[in-house]
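Novice: Listed below, chain by chain, are the residues.
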Amino acid sequence: MSEHTDSRQKQAVPHLTSSFAMSSAKDVLPDANGHFGIYGGRFVAETLMVPLEELRQTYESYRNDPDFIGELDTDLQQYVGRPSPLYFAQRWTQHLGGAQIYLKREDLNHTGAHKVNNTIGQALLAKRMGKTRIIAETGAGQHGVASATVAARLGLECVVYMGAEDIKRQTINVYRMRLLGAEVRAVESGSKTLKDALNEAMRDWVTNVDNTFYIIGTVAGPHPYPAMVRDFQAIIGREARQQCQQQTGRLPDTLVACVGGGSNAIGLFYPFLQDAGVSMVGVEAAGDGLDTGRHAAPLCAGRSGVLHGNRTYLMQDSDGQIIETHSISAGLDYPGVGPEHAWLKDAGRVEYVAITDAEALAAFHDLTKIEGIIPALESSHALAYVTKAAPNMSQDKIIVVNLSGRGDKDIHTVAALEGIRV
Amino acid sequence: MSRISTCFKDLHLEGRKALIPYITAGDPDPGDTVPLAHAFVKAGADIIELGVPFSDPMADGPVIQRASERALAQHINLPQVLAMVREFRQQDSKTPVVLMGYLNPIEAMGYQVFAQAAAQAGVDGILVVDMPPEEAKALVTEITQFEMDPIFLIAPTTSKERIKIICDIARGYVYYVSLKGVTGAATLDVASVAHNIAQIRNETDLPIGVGFGIKDAESAKTIAGVADAVVVGSAIIQKIEQQMSRRSNMIEEAAALIASMRRAMDAEINKVTS
Chain A
1 MSEHTDSRQK QAVPHLTSSF AMSSAKDVLP DANGHFGIYG GRFVAETLMV PLEELRQTYE
61 SYRNDPDFIG ELDTDLQQYV GRPSPLYFAQ RWTQHLGGAQ IYLKREDLNH TGAHKVNNTI
121 GQALLAKRMG KTRIIAETGA GQHGVASATV AARLGLECVV YMGAEDIKRQ TINVYRMRLL
181 GAEVRAVESG SKTLKDALNE AMRDWVTNVD NTFYIIGTVA GPHPYPAMVR DFQAIIGREA
241 RQQCQQQTGR LPDTLVACVG GGSNAIGLFY PFLQDAGVSM VGVEAAGDGL DTGRHAAPLC
301 AGRSGVLHGN RTYLMQDSDG QIIETHSISA GLDYPGVGPE HAWLKDAGRV EYVAITDAEA
361 LAAFHDLTKI EGIIPALESS HALAYVTKAA PNMSQDKIIV VNLSGRGDKD IHTVAALEGI
421 RV
Chain B
1 MSRISTCFKD LHLEGRKALI PYITAGDPDP GDTVPLAHAF VKAGADIIEL GVPFSDPMAD
61 GPVIQRASER ALAQHINLPQ VLAMVREFRQ QDSKTPVVLM GYLNPIEAMG YQVFAQAAAQ
121 AGVDGILVVD MPPEEAKALV TEITQFEMDP IFLIAPTTSK ERIKIICDIA RGYVYYVSLK
181 GVTGAATLDV ASVAHNIAQI RNETDLPIGV GFGIKDAESA KTIAGVADAV VVGSAIIQKI
241 EQQMSRRSNM IEEAAALIAS MRRAMDAEIN KVTS
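So the protein sequences, as listed, match chains A and B. The numbering of the first sequence is this note's numbering, which starts it at 1 and goes up by one. The numbering of the second sequence is this note's numbering, which starts it at 1 and goes up by one.
Check each hint, because a few of them may be wrong.
Think about it this way: if two alpha-carbon atoms lie no more than 27 Å apart in a straight line, the pair counts; the simulated DSSO-like pairs of lysine-lysine are [stated by the list, open to error]:
#: 1; chain 1: B; residue 1: K94; chain 2: B; residue 2: K42
#: 2; chain 1: B; residue 1: K180; chain 2: B; residue 2: K42
#: 3; chain 1: B; residue 1: K137; chain 2: B; residue 2: K239
#: 4; chain 1: B; residue 1: K42; chain 2: B; residue 2: K215
#: 5; chain 1: B; residue 1: K137; chain 2: B; residue 2: K164
#: 6; chain 1: A; residue 1: K192; chain 2: B; residue 2: K160
#: 7; chain 1: B; residue 1: K94; chain 2: A; residue 2: K131
#: 8; chain 1: A; residue 1: K369; chain 2: A; residue 2: K388
#: 9; chain 1: B; residue 1: K180; chain 2: A; residue 2: K127
#: 10; chain 1: B; residue 1: K180; chain 2: A; residue 2: K131
#: 11; chain 1: B; residue 1: K180; chain 2: B; residue 2: K215
#: 12; chain 1: B; residue 1: K180; chain 2: B; residue 2: K9
#: 13; chain 1: A; residue 1: K168; chain 2: A; residue 2: K131
#: 14; chain 1: B; residue 1: K239; chain 2: A; residue 2: K192
To be clear, the hints were calculated from the coordinates, so they are not data collected in a lab.
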């Protein structure tokens, strides 16, 4: 075991370096204007067009730059704690009695979720662009915490926009951001949730674009964000691919990840897209159920439209107004989804399903009791799909599920649902 | 010649500048929109910009956000906005009407259906805030096919190359955003506006309107000194908000703001020409 761990650590840096640089060669999407088929693009007011193009050029110039990649890899290894383990959930596998289940442990990252993979990368770009101030939007608070964390480390001013409703639901993360020195600004407009926080962050950026870098937390927004965030998160899939081969001698049969904006899912899926034998399932939030209308599943039950700088599947009414979403998990409570997911759905490469609040909650308890791992409610949606799918698969099949975050932040939500005051 | 081009040509002959008030359709009440528009024309407005409410107005400041929310609370949709234009046209066949809003309601209606319905209702120009030229080809084709003008924004951040791209696709007029920010924000830097307008004039003969940050007669007058049109939005909505509870005066108060701007702008022109 120790020998295995040692060799992995020794290999970590060159492995990450070469893979990150290589990813540019096989990128066919998005196209030069940020389109994934009919999706994506750059739908913003004119003021942001030049700053977005500057960001794209900066990103393109650094993504293959040895100094940048070296700094990123060192940070990911020594600050975030990468590589994150691929853990064989033996008892849970036995309990479900079908496919072998492996968990990609993004919950073990510094700050407790996959979000930091991206904020580290974007903050390094901010520093190179000479920006002194970063802003971010957040729903559950995980991306806000990850942004506040890297801002603290780099000595940058940080403002996090968060819907007033979400601030009420996520008091611990709000306090955490403030401890880290960030200013948390409550957003009182619209539905007072993640989508409105994103609107407000965009308004801040357009006003302070000279000194401010906007760290978008997911694979949505105007080009280059969907591609850039994907590339920073693809470390998840690159590691999982190599770990699965090392630990099982082959590639997995199925990948499963939850999809809100879709960054942890794209991060896991992307390095496997060319592997025809690997099927992929993205799990949206069905809330109270797709037929109730109270959900957050644009890919399963929405239709194409334009919001937040890109064309994608959206939750909207017949007039094209964005409608309020519902999910037990604040991190999935978003009416849009990354444009690459919209494209992967239409292309038939990834299957998208939805899991209700109740199903996610049951999986939350299962994993906690059977494996001693408390998962985030977001990730619990992916786990709940596994509880349905694994028993129907033979025991020689392998599922890799992205455990995108840990559930400490959700303890109060779960306790309250059970009538317990913590 | 489109109603917008005719309007600018006539003004040019008179040595005057266009005054373009913006209101959000359906704010504060659906029944107010057409009377407000008529009152503005009477007070000296040359073109009416009619905002199509959207749930996520990313480029707007708090004042126009609130107007959008009030309109949406009354379920105003794009077909109803077009019905308001149709009603306006029954008494006014001359004043151009420009729809200003975000792309998604138009996507939901369908580009061709929308363009045909808008033209039939008497709309003259379309300004989609979150649709830069790179993403505009399909909709611009429909808009121009129905002889309406696609209107585009130019910002302080816009490069010389982009100004050219924008002016190539734009018709009617171009809308120069006077500052980095959202609607209704901070104060104007007139010197920089004048400098940037000179840059735009190198690339196009289209009239140039200036908006964002014009609050009163004084700032309208200043901008009229350098631009072809003055766009005012948040200041009007604020006036409407102040008067919402005393509804009897609302339209008069809002129109009075337009009239004061008109007087100031014309006085400036008279001074320059005399």
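Novice: Work down the list of hints and note, for each, if the structure agrees.
Specialist: So, going through the hints one by one against the coordinates:
{"no.": "1", "hint": "K94(B) - K42(B)", "verdict": "holds, 12 Å"}
{"no.": "2", "hint": "K180(B) - K42(B)", "verdict": "violated, 32 Å"}
{"no.": "3", "hint": "K137(B) - K239(B)", "verdict": "violated, 37 Å"}
{"no.": "4", "hint": "K42(B) - K215(B)", "verdict": "holds, 20 Å"}
{"no.": "5", "hint": "K137(B) - K164(B)", "verdict": "holds, 16 Å"}
{"no.": "6", "hint": "K192(A) - K160(B)", "verdict": "violated, 38 Å"}
{"no.": "7", "hint": "K94(B) - K131(A)", "verdict": "violated, 50 Å"}
{"no.": "8", "hint": "K369(A) - K388(A)", "verdict": "holds, 18 Å"}
{"no.": "9", "hint": "K180(B) - K127(A)", "verdict": "holds, 22 Å"}
{"no.": "10", "hint": "K180(B) - K131(A)", "verdict": "holds, 17 Å"}
{"no.": "11", "hint": "K180(B) - K215(B)", "verdict": "holds, 16 Å"}
{"no.": "12", "hint": "K180(B) - K9(B)", "verdict": "violated, 30 Å"}
{"no.": "13", "hint": "K168(A) - K131(A)", "verdict": "violated, 31 Å"}
{"no.": "14", "hint": "K239(B) - K192(A)", "verdict": "holds, 26 Å"}
Of the numbered hints stated above, those contradicted by the structure are hints 2, 3, 6, 7, 12, 13, listed in ascending order.
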